[in-house]
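Asker: Each chain is listed here by its residues.
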Amino acid sequence: MTEFTLWDILHNLLLAARWTIVLSLIAFAGGIIVGLPLTIMRVSKVRALRTAVLLYIELFQGTPLLMQLFLAFFGLGLFGIEVSPWSAASVALTLFASAYLAEIWRGCVEAIPRSQWEAATSLGLSYLETMRHIILPQALRIAIPPTVGFSVQIVKGTAQASIIGFAELTKVGTILNNATLKPFMVFTLVAVIYFALCYPLTIGAKRLEKNFNVTRRT
Amino acid sequence: MSLVVLENIEKWYGENHVLKGVNLSVTKGQVVSIIGRSGSGKSTLLRCINGLETFDRGQIVVDGETLDAEKTDMRRFRQHVGMVFQSFNLFPHLSVGRNITLAPTIVKKLPLKEAENLAREMLVKVGLSDKYDAYPDQLSGGQQQRVAIARALAMQPAVLLCDEITSALDPELVGEVLKVLEQLAADGMTLILVTHEMRFARNVGDWLVFMHQGRVWEEGDPEALFGRPNTPELTSFIGTVG
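Protein chains in written order, with this note's numbering: chain A, 50 to 267; chain B, 5 to 246.
Extracted from the complex, chain A is given alone in its bound form (with noise of 0.2 Å):
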């Protein structure tokens, strides 16, 4: 048996990280591509649109993420369409990202006085322009601190992926473990990568939550 030394482990762990990055890029901007027609759709005039994209947000917030992923990589196998861990992480990860992302910045639009509506609308403005020119730019603003919050939800998520096969930090590390034995240390190793990832999203969060508290402008 070939034995591992630290370098080995980390150096393995460090190439994995990589994918739990890419993972990570590919779900917070699929997140954030569907999320944003989910919101508009989400505060919409029209009920049906309304209720629509409510059942989207409460069936991925109600159920486990592991159960998304199973889904996302057995279901569809169930009609024959074959499905790579890579493309069922990135799409079940995409969805669920996009459900937290619409409904924070559902909060985020209807955070915006209803005075500001009125004052648009009596301008004439018509109700997508109300939102693209007054609405989103200040609730884009308040939507910043949370969404990157958010982020570290999606980097945590991803390890799940892991039980589909997706070779990430947490997959490599439980092969790791297999090999070498030494679950303390691998998994301490894996503990602090993400810790290393995660925590500078933290501080980005809180940072800019307080500079927005600072002044409404930029």
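Hints in this document: simulated from the structure, not taken from any laboratory. Positions of the beta carbon are idealized from the N, C-alpha and C atoms, including for glycine.
Partial chain A-side listing against chain B, Cβ under 10 Å, derived:
{"id": "1", "residue": "S164"}
{"id": "2", "residue": "L172"}
{"id": "3", "residue": "G173"}
{"id": "4", "residue": "E178"}
Some chain B residues flagged as far from chain A (calculated, every beta-carbon gap over 10 Å):
{"id": "5", "residue": "V22"}
{"id": "6", "residue": "E118"}
{"id": "7", "residue": "R206"}
Residues of chain B clear of chain A, computed beta-carbon distances all greater than 12 Å:
{"id": "8", "residue": "E19"}
{"id": "9", "residue": "N20"}
{"id": "10", "residue": "G25"}
{"id": "11", "residue": "V65"}
{"id": "12", "residue": "K129"}
{"id": "13", "residue": "Y136"}
{"id": "14", "residue": "N234"}
Mind docking chain B on chain A? Use the hints.
Answerer: Relative to chain A, chain B alone:
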């Protein structure tokens, strides 16, 4: 000829009959002050005139355009009617200049250069020509309200509605806003104000409307009404507001 005509406006909030058949006619250049206790329906009435509130019966005609909640092209209708609010409602993320040019460029499709010239012209009108690049939170309440007036004027409405626009201001800032209104009146702008400024209603206003329990209870020449109110309700109202 009347510029604004309200015919038999009725409105319910659920069981609550807030407007009970209001008739009002405003001619071009007239300054109409609507006074009354809170809950008399005066603000609701004003908000009906630009469609911020719907009404259940009656019709409103502004500048020859009929407002009918279902069919009217609200976008076109609102270009006839400007509105200034109690709490200014400037857009805090936009500069003063952009607050004013936004609607002309988007709604009227005015080229930006023209809109900017228009905005500067309007700021001169309200005495704030040096605040073009400022942001709303750098201005005093009185200045913000004057920007709000400039913003409404930039759409070149036929009539300007003012909903208690000095009520949220510190007493020492009320004067500068009223002075702007007085100048607008002198320039021939048609104004409909819901106000608590009795002195302004008396000295600058051409027509006084006293609303009570969802009705126009009394109306007429301000000097005459203040001097000799016909109803006990107006007498007592004038007594309470001094």
